[in-house]
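We have chain A already, so just place chain B on it with the hints.
From first to last, the protein sequence lines are chains A and B.
Mapping the first sequence onto my numbering, position 6 (from 1) lands on 6, and the numbers just tick up by one.
Every number in my numbering is 1000 more than the matching position in the second sequence, counting from 1.
Derived from the structure by calculation, the hints contain no laboratory data.
Possibly wrong hints are sitting among the right ones.
As the list claims (entries may be wrong) - If you anchor each label on the Cβ, the simulated ranges turn out as follows:
1) B/Gly1323 x A/Ala48: 45 to 53 Å
2) B/Ser1076 x A/Asp111: 52 to 60 Å
3) A/Asp117 x B/Pro1390: 13 to 21 Å
4) A/Asn31 x B/Trp1080: 48 to 56 Å
5) A/Glu98 x B/Ala1318: 42 to 50 Å
6) B/Gly1591 x A/Asp111: 28 to 36 Å
7) B/Asn1577 x A/Asp117: 24 to 32 Å
8) B/Ile1002 x A/Asp69: 55 to 63 Å
9) A/Pro85 x B/Ser1142: 44 to 52 Å
Quick reminder that beta carbons are idealized off the backbone N, C-alpha and C, glycines included.
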Amino acid sequence: MKAKHQRLVLIVIAVIALIAAGLLAAYALRNQASYFYVPTQMVEEPPAVGQAVRLGGMVQAGSLQTLADGVTVAFVVGDGDNTVPVRFTGILPDLFVEDSGVVAEGRLGPDGVFVADNLLAKHDENYVPRELEEMTEHQRAKVVAEAEAEAAQ
Amino acid sequence: MIAEVGLAALWLAAALSVLQLMSGVFAVRGHDELGALVRPTAIAQGALAAVSFGMLVWLFLITDLSVKLVATNSHSAKPWIFKLAGSWGNHEGSMLLWVTVMALAGGLIALIERRIPEVTMRATLAAQAFVAIGFYAFILFSSNPFERLPMPAVEGQGLNPLLQDIGLAFHPPTLYFGYVGLSVAFSFAVGALLTRQVTPDFARAMRPWILGAWIFLTLGITAGSYWAYYELGWGGWWFWDPVENASLMPWLAATALLHSVSVLAARDALRTWTIMLGVVAFSMSMLGTFLVRSGILTSVHAFAVDPERGTFILFLLAIYIGGALAVFGLRAGSISEGARFSFSSREGALVFNNVMLSAILGIVLLGTLYPLLTEAFDVRVSVGPPYFNPVGAIFTIPMLLVMAVGPLLRWRQDSLARIKLPMVIIAVIMLATLALVVILGAYSLLADLGLAVAVGLAIASVLPLRGRNLLRVPLATWGMVIAHFGIAVALFGMASESAFSEEKLAAVNVGDSTQVGPWTVKLESVTPVAGPNWTAIEGRLQASYDGGEPTEMSPQARNFWAPVQETTESELATRWNGQLYAVVGNEASQGRWQLRLWWKPFVTFIWHGGMLVALGGLLALIGRVKTDLKRRRGEDFVDEESADAEAVA
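The shape of chain A in the complex, shown without the other chains (with noise of 0.2 Å):
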């Protein structure tokens, strides 16, 4: 094989491989990406059953409870117009408080349940998942609208 030939064969494989490669990673990112709902999108327009996804909100004031294993706990993550029953197992992160916002990872179930594996919440004073910094702009919308509506009353 000519100098030539061989740079040339070498190039071919390279690029058939990183074709490869690229077609392959496109087709798994769209099947395996978990995608971002807040509870109006879950409500209107629910995931699979048992797909993997991200639910963001605000937790309920008053709805969370914690059952009698003593590890797993219910609680109801809203946007201000839906809300979402949401189920954990686990150790609840540190700052996880009502009133403030969390991200949940984990998937709907069939009795509309959601199931998070992994809950997200503030994580010190400077972190607050992106997601939620946005929320929490609408919900503050929302709080100063409800606020002027009580006082008008």
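Below, chain B alone, put in the same frame as chain A:
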């Protein structure tokens, strides 16, 4: 005064880097009178950057609260080691560390490197200065670490408690050393391209920097993984978090580069490919810096988020990579093809694995950037293990198989028939292991394959030593054997953790016991405790393995007060065959406490493997530097070539 000296030194260093770039450009164009300035300028620039960083460290050690960076990131009550680490545990300081290490590296090459043609050397240092200028501008115009406060603060705000950990204090600088080493390799590649000097000598000059970078990256990733494992309290050791990927991608590129540069040094083949990898490896480290520092991706590491700075780094990234690719495109065609080789040869195996590594790199890159791409269309996604694990494995498993046989092949021309016996032995061992783990009851496909390949690779990796006088085996060969063995060990740990881990989550009364795997864990008591800047709930556990002597464990849930934050302090009980991982949670009803326990067989092999890989790199580096020193002492030049040839024979 200290802050002003630091800032002045930084400005001077920046000015010198401009001079270094300009005189380097003149040198490439054939004006030797200015070219002679390049080396001394590089040395002076290194010294000034070091002075500047030294001043910042000093400010942190004395907690000078009139400096904004110290006031926002330190606290007088902190132990001194964390004051020291605080100087680089923030955005501005870490950027200053980056450019300082880079300037010191440039100074060091200017001082010692005499093997490649002078003009190539000057072009290399000019490229180095070109990269440095961008960082100086970034620091001076948008991230000045020496900025004073109008009024000195009364007390500092502290350092993120998650970062108040000795392992993590040294994790970022380790990665930075790796990134900077790759920037040196990049500069060499650009210098060689500009002066058309892509030779084995150039490869030998570049190799120690790649090896050094690779060792630091390996250590950084290993340490970072262990930190995430015990500090976050989630029981996992790798999350495919964007910032973890940001350190993995340069490592993958550096691994490929390390092997292709060895082919170039020993056989004068893969010239353009090596240059290309040099550009890619540096691009990946710049991308890593960008991903970590811009806060563009949601991540547990995103504690320094600032979109404006992200834009600046993105701009730098575009200039460096665009410029390098442009030079590559213009000049690559004029580099003549190197020596030929048969496909069934050592080179053939190395090329195959280089392509596999590039494919894995592409997969990780796509998975990491995909959420950014979809966000442009207002679709929010996250990409995790369900994508990375199977897709990565499709390319990793063939790579590991070729890695097992590659070192047994001869250079240039060989036949697989010659190594039929070892190949059959390795295959039989892998199949036997696979059968064994299935009998043991592990049915996860990837984990089972991982265990089988790990055992086969461990045996295969020591085969290059068989029939040789171990005392006469060159250090570089020892390095290869140990690094490959380390990969097998780490893979064994990962696969075993995935296949055999057991988890227990329970609410337990004080005095009661619970079971996880072979362990019985008794909750003795739960008490409040206090530290210098935190208070905590501490669980006292008695853990006994298989009914044996109990081990005392005391996991904590900590509350820091400067700044306010809660962290989970897990506790580990380590045996040779695995770790028990314990986390104490919140109080549950009826006086019970939440306990989360994992039994992770052989999990420590992951990090021991990582250390072995780094050790292998270190041995190879020592071996290379030793032969280099021999050559400098005036001994035969052929010596190094024969050492290269022997190291791989």
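Right, here's what the structure says about each hint:
1. Between B/Gly1323 and A/Ala48 the CB atoms are about 46 Å apart, so this pair conforms to the stated range of 45 to 53 Å.
2. Roughly 55 Å separates the CB atoms of B/Ser1076 and A/Asp111, a value that falls within the hinted 52 to 60 Å.
3. Between A/Asp117 and B/Pro1390 the CB atoms are about 18 Å apart, so this pair conforms to the stated range of 13 to 21 Å.
4. At roughly 51 Å, the beta carbons of A/Asn31 and B/Trp1080 sit within the given window of 48 to 56 Å.
5. One distance hint, 42 to 50 Å for the beta-carbon pair A/Glu98 and B/Ala1318, holds here, with the actual separation near 45 Å.
6. A beta carbon spacing of about 32 Å between B/Gly1591 and A/Asp111 agrees with the range 28 to 36 Å that was offered as a hint.
7. Checked against the hint of 24 to 32 Å, the pair B/Asn1577 and A/Asp117 passes, with Cβ atoms roughly 28 Å apart.
8. For the hinted restraint 55 to 63 Å between B/Ile1002 and A/Asp69, the CB-CB distance of approximately 58 Å keeps it satisfied.
9. In this structure the supplied range 44 to 52 Å holds for A/Pro85 paired with B/Ser1142, their Cβ-Cβ distance being about 46 Å.
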